[in-house]
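**Student:** Each chain is listed here by its residues.
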Amino acid sequence: MSSGRLLSADRSPALSVRGLGKHFGERVAFQDVFFEVGYGEVFGFLGPNGAGKTTTVRTLGTLIAPTSGSATVAGIPLTAENGVEIRRRIAIVPESPGLYLRLSVTENLECFGDLYETPGLKDRIQDALRAVDMTDRAGDACGTLSKGLRQRVALARALLSDPEVLFLDEPTSGLDPVGARDVHELIDGLRNRGVTIFLTTHRLEEAERLCDRVAILNTTLRTIGWPADLREQLFAKTLVVRTLVPLPEPGRVFDGLPAVDGWHERDSGAYVVSVSDSAIAAPAVTRALVAAGADVLSISESYHSLEDIYLELIDEDNEVGRR
Amino acid sequence: MSVSRRRVRAVFRKELREYRRNTSIVAAMAVLPLIFAINPLIAVFALPASSADSLAQGNTLLYLLGIPAVVPALIAAYSVVGERQQGTLEPVLTTPIRGEEFLLGKALASFVPSVAISFAVYALVLACVGVFAAPGVASALFKGRELVAQVLFTPLLAGWSIWVGIAISARSSDVRVAQQLGMLASLPSVAVSTLVAYDVIHASLGLGIGLAVLLLVLDVLGWRIVSAMFDRERLITGSKS
Ligand SMILES: Nc1ncnc2c1ncn2[C@@H]1O[C@H](COP(=O)(O)OP(=O)(O)OP(=O)(O)O)[C@@H](O)[C@H]1O
Ligand SMILES: [Mg+2]
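As they're listed, the protein sequences go chains U and Z. Counting in my numbering, the first sequence runs from 1 upward without gaps. Counting in my numbering, the second sequence runs from 1 upward without gaps.
Just to be clear, a hint being listed does not mean it is correct.
As the list claims (entries may be wrong) - A short, non-exhaustive set of chain U residues, derived as facing chain Z with CB atoms under 7 Å:
1. GLY61
2. SER96
3. GLY98
4. TYR100
5. LEU289
6. GLY293
7. ASP295
Stated by the list, open to error - Calculated from the model, a selection of chain Z residues having no Cβ within reach of chain U, i.e. all distances over 12 Å:
8. ARG21
9. SER50
10. SER204
No lab work stands behind these hints, which were simulated from the structure alone. All C-beta atoms in this analysis are idealised placements derived from N, C-alpha and C, irrespective of residue type, glycine included.
Chain Z extracted, bound-state conformation (with noise of 0.2 Å):
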């Protein structure tokens, strides 16, 4: 089997023309990040220098992951119900677009804003990090593996939520039930990169390999399982064929 590049893209761009002219998409895109920023940046703000102890023992930014976990599965648990609800799914599906395909230029245009945006949330802390913490704080705060970390896990995560928010979406015929689906199947990695940030799970070398083979084979998967459940008459008529 061939994936067309160019109905990949297709989907994806206008995915991305879309998502720009959408407002609650946007704001969506917008505030969920800054609430996972929020806690980290009080620790820069109101930490004094001695706390710098207790920081040093977590990784406090990783918390930051949780923002490639939820962004992408809530776009990602829109992407088909909601052109199913909006009437657009099913000229899409007579032209000659494979699942696959219809699936990865999904895919990806959760996948590149949200990733986008996680960075960039990420950046905007290390700098403010730098310039506004106390300096003990500061020295806490930045760590080289911890930095690693970010970059390998954020796509990673993403990758994972993409896969179950698509799975939820095709399945579903209700948008908002599928975005809370969306949203319950992201609390896991949630969780886990929560409890490593604070050192409830002790992060180490052994956990972050093992934990960033288990995504990257998940996201490989994704794309197969997805595409071997996607069912054009159960998108059509809502009902099995």
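Isolated chain U (complex conformation) (with noise of 0.2 Å):
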């Protein structure tokens, strides 16, 4: 790690958006977007088709200039003229790979190596190629790897300059589940390297299992925080319980009991009862139950995926839409 890293990392985000938005013509890519990724955090964008993820990405890396807005870029202001500075300290794997096909995997990185100035350029290719696992195509022509392989020498040619921040634009779209589990690990690698990653994806488990923090945006962002959080914000707390056969009066079980706001049954033998307190709740509901005399089958907490708050989100907006 350079020793630039460390020094920006007391000094400001690694990634600050006020207010920034970006039309072409009529047309509303995104706006009205906040949010800071500190250094060392991997912060996932998540959106449905044209939310503007891929035009926030571009214009955080100075690819577009914003029409409204400001945002710091590791630590430098965006500007048209700060572009060089900031494209220095980034990498941005596009949605395709964008690779040149004619050319060998080593001369595409070569290339780029270049264009980054990278010093000691013949070891950061190897180093790249192993991170990726493509040490033994090195030589073969980028035109005759599968896609999945193209996206790995694509992640190569943005680890070879060691950015600051690193912008992954639907990173694993395409990939089968091993191709993307490698990049999975792949981040998780960079991780602990202490690389700000800004991921981009259509794929909810995956920000579920790599990033400390999401955003959700729909041209608006919709929400932002820890997945936990997310999950306590928009769901009711709720015990499911079942029973082996239905209770004969739930209301007499369940109203009353401590950090219990209410219940209903879900189909015969299966109560959802919704709770302040989990910790409080669960023993007392268990306790109610046996007192009754209830065969109990389970008592399990809910659990929301961060899918669930997603299509929770979208599905509001589009009810908006549809008003």
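Build the complex from these two chains, which are given one at a time in their own frames, with help from the hints.
**Tutor:** What follows is the structure, given as structure tokens:
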């Protein structure tokens, strides 16, 4: 890790975005986006097709100019004059790898290493190839590689310059589960090296596994936070109780228990109990069930995945849109 | 503003590596010069010694200046829009490279092979004239001032064609349209050199110096102007920022 990165760690966030927006003519790609990403953080940027994820990445990468708002990238204000300085400190893996197909893997990396003026390029190319497990294909023309292997070369290309902030635009789209897992392991490895990662993805389980925080974008920012916090904000906590036979009088069991806010029967012998604090409610519910002589099959805390959160928010948007 | 040689060289080297493995570019580089070489070669093989007088009037071999006008225009017209169509432009533009460096690398990659080919074809034609032409024809075709003009105007014309070609390429969204426009844009140079070759425009020292200075200025300005027009956003999104 370079000493520059350590210094910048106490200076400012890796990314700071304030009211950023971009429209193409009448079409708004994204607007009113605010967030900060700390150094070393893996930040997930989720959203449906056309939400503005790629446009946001391109804007932060100085490829296109924002139409409103401001931002700092790797500690540098996002302006046209700072383009070279910002691009020196970041790397972007775009949606499609964009390799020179007639050139070999090594020749592709040589070209980009020179564009970044990377010192000790030969060794760096070896390191990058090793990181993506492509050493044995170094001499192959990129046109002969499969989609997943091309994606790996694109990742290796982004690693050459040892970027402070790495933007990955859907790095696992189109990869098989093994290819996707390899990319996930690579991202984990980068996180351990302290690289800040801005990851856009449609794969929610991927974001949930890899990201410290996530933001959900749908032209505007819908939410941002730790997956666990988002879960709490959006969904009431519930316990799901299953009994062998339906309770004759469930109200007498659940009503008035500590930390229990309400309940309803989902289907015969299954009850959803809304609770404010499951650590208090769960033992109380258990005792009440035993006292009532119920044959309990299971008591479980309902779990909402990031996917539930995502679908809840995007469905809300779609309903608002329809109205 | 400082230009990074290493980045310019990176673009240049990558382009040459791609040409070598791109049969359509190699074919274009090979076929076009031959078209321009046919006319003077006919003069060499078909003409009897008695036509030497009429040949001595013109500057037949200057016709070959069509090569450095057309070949680099075609290569340059492909250079930016070709990468855009392959989807390789976006990754390059995310690196610290400046517009000036990118364009200079592209320009050199068009310049070096086309000037080399132009001189090679010229040398080939001279050799054919020396070996096969009737003695009268040969001495009518060899002219010292023509050699100087050829050596001077080959790079100058190539430079001009390249900047026009790149300017077209950076503004087009279709390779074929760009190459047709690039071809069209090189026609005025071809016309002028052909008219001089057939003595319709009479070559003089003054005309030569004037044209050379004009082209030199255009070549230097070309880089500046095309760099100023270079718009990352337009190249990425297809619309103006
Ligand atoms: N060059 C452009 N000109 C006009 N509109 C554009 C342009 N690029 C993007 N847009 C529009 O901006 C919006 C956001 O597009 P963007 O590509 O950023 O979405 P995304 O979130 O990356 O989608 P996906 O998940 O499909 O990749 C879309 O409505 C898109 O049509
Ligand atoms: Mg996208």
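**Student:** State for each hint whether it applies.
**Tutor:** Hints and how they fare:
| no. | hint | verdict |
| --- | --- | --- |
| 1 | GLY61 | holds, 5 Å |
| 2 | SER96 | holds, 5 Å |
| 3 | GLY98 | holds, 4 Å |
| 4 | TYR100 | holds, 6 Å |
| 5 | LEU289 | violated, 60 Å |
| 6 | GLY293 | violated, 68 Å |
| 7 | ASP295 | violated, 63 Å |
| 8 | ARG21 | violated, 4 Å |
| 9 | SER50 | holds, 53 Å |
| 10 | SER204 | holds, 47 Å |
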